[in-house]
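Engineer: Mind docking chain B on chain A? Use the hints.
For the protein sequence lines, the chains are A and B, in the order given. Its first residue numbered 1, the first sequence is counted upward by one per residue in my numbering. Its first residue numbered 1, the second sequence is counted upward by one per residue in my numbering.
Keep in mind the hints are simulated off the structure, nothing from the lab. A few of these clues could be false.
Said to hold, decoys possible - Derived lysine to aspartate or glutamate pairs resembling EDC-like cross-links, with alpha carbons at most 20 angstroms apart:
{"hint": "1", "chain 1": "B", "residue 1": "K97", "chain 2": "A", "residue 2": "D71"}
{"hint": "2", "chain 1": "A", "residue 1": "K36", "chain 2": "B", "residue 2": "E145"}
{"hint": "3", "chain 1": "A", "residue 1": "K25", "chain 2": "A", "residue 2": "E85"}
{"hint": "4", "chain 1": "B", "residue 1": "K83", "chain 2": "A", "residue 2": "D28"}
{"hint": "5", "chain 1": "B", "residue 1": "K86", "chain 2": "A", "residue 2": "D28"}
{"hint": "6", "chain 1": "B", "residue 1": "K69", "chain 2": "B", "residue 2": "E57"}
As the list claims (entries may be wrong) - Covered stretches of chain A, as calculated for chain B (at least 3 residues, CB under 8 angstroms):
{"hint": "7", "segment": "27–34"}
{"hint": "8", "segment": "41–48"}
{"hint": "9", "segment": "57–70"}
{"hint": "10", "segment": "74–81"}
Just so you know, these numbers come straight off a predicted model, no measurement behind them. Glycine included, C-beta positions come from ideal geometry on N, C-alpha and C.
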Amino acid sequence: MKNVIAVCAIFALTGCSTVVPVKAKFPDVPERLMVKCPQLEKVSETPTLSDVAKTVTSNYTTYYECAVRHDAFVEWYQVQKKIYESIK
Amino acid sequence: MWLLSFIPDFIFHIIAIVGILLTIGAIAFGQIPFIGTYNIPINIIGVVLIIFGFYMEGAISNEESWQAKVKEMELKVAAAEVKSSKENIKIVEKVVKKTEYITRRGQDIIQYVDKEVVKYDTKFAPSGQCELPKEFIKAINNAAEIPK
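In isolation and in its complexed conformation, chain A is listed as follows:
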């Protein structure tokens, strides 16, 4: 009788072994957004006024280029998170 119960239990428990093999993978960040922000430029020891203006301009440009990538990364993460969560 015990053997019959054991066999029945094995059959019954195998019914619980079903798993959903589909998994959603969180996407990779686009290469374009993974670029590190460059170092800011410095002016020379004895600069002319135009050198200072150019360095400041270049640094502002560098900042805004980096800010665009950062903002895009934040947007990318929020959008992808929303898509990823909609699957569940």
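Structural biologist: Relative to the frame of chain A, chain B by itself:
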């Protein structure tokens, strides 16, 4: 369920049907002398086959519903992947556009400096009329340093 992966479904249908037929047969023909001798074992086999057959019918139904869920999930994942890559393209295009604009604007300003600000270089040159103080240069360079 592992049994369903290598035994076709119709085998379990047949087992259930055979179980029902054996049980009915054992009840119906139990009084006939020759068959009546085997009545109890046939009945037991019939009931066991019914139990196993019906259990497996349930498992088949469960398996089908899981497979349907898997397919639904696969479709959802595929749709999400398409949407995700579309969004990626949109975001990267926006970055490229904005970066191009910023770079161009920086170049335009540098051209303006070369054209207009350069006129004041001699006035602000070292030992010139309005020499740029070293403190001013130091402040700009300190601000440009990477924070440690």
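Engineer: Compare the structure with each hint and give your call.
Structural biologist: Hints, verified against the model:
1. B:K97 x A:D71: Given that 20 angstroms is the threshold and the Cα spacing comes to 14 angstroms, the pair holds.
2. A:K36 x B:E145: 16 angstroms, holds
3. A:K25 x A:E85: Measuring from Cα to Cα gives roughly 11 angstroms; hence the hint holds.
4. B:K83 x A:D28: Distance ~14 angstroms between K83 of chain B and D28 of chain A Cα, so the pair holds.
5. B:K86 x A:D28: 13 angstroms, holds
6. B:K69 x B:E57: OK: K69 of chain B and E57 of chain B at ~18 angstroms, within 20 angstroms.
7. 27–34: holds (count 4)
8. 41–48: n = 7 at 8 angstroms, threshold three: holds.
9. 57–70: Per the Cβ count (9), the hint holds.
10. 74–81: holds (count 4)
Of the numbered hints given earlier, the model fails none.
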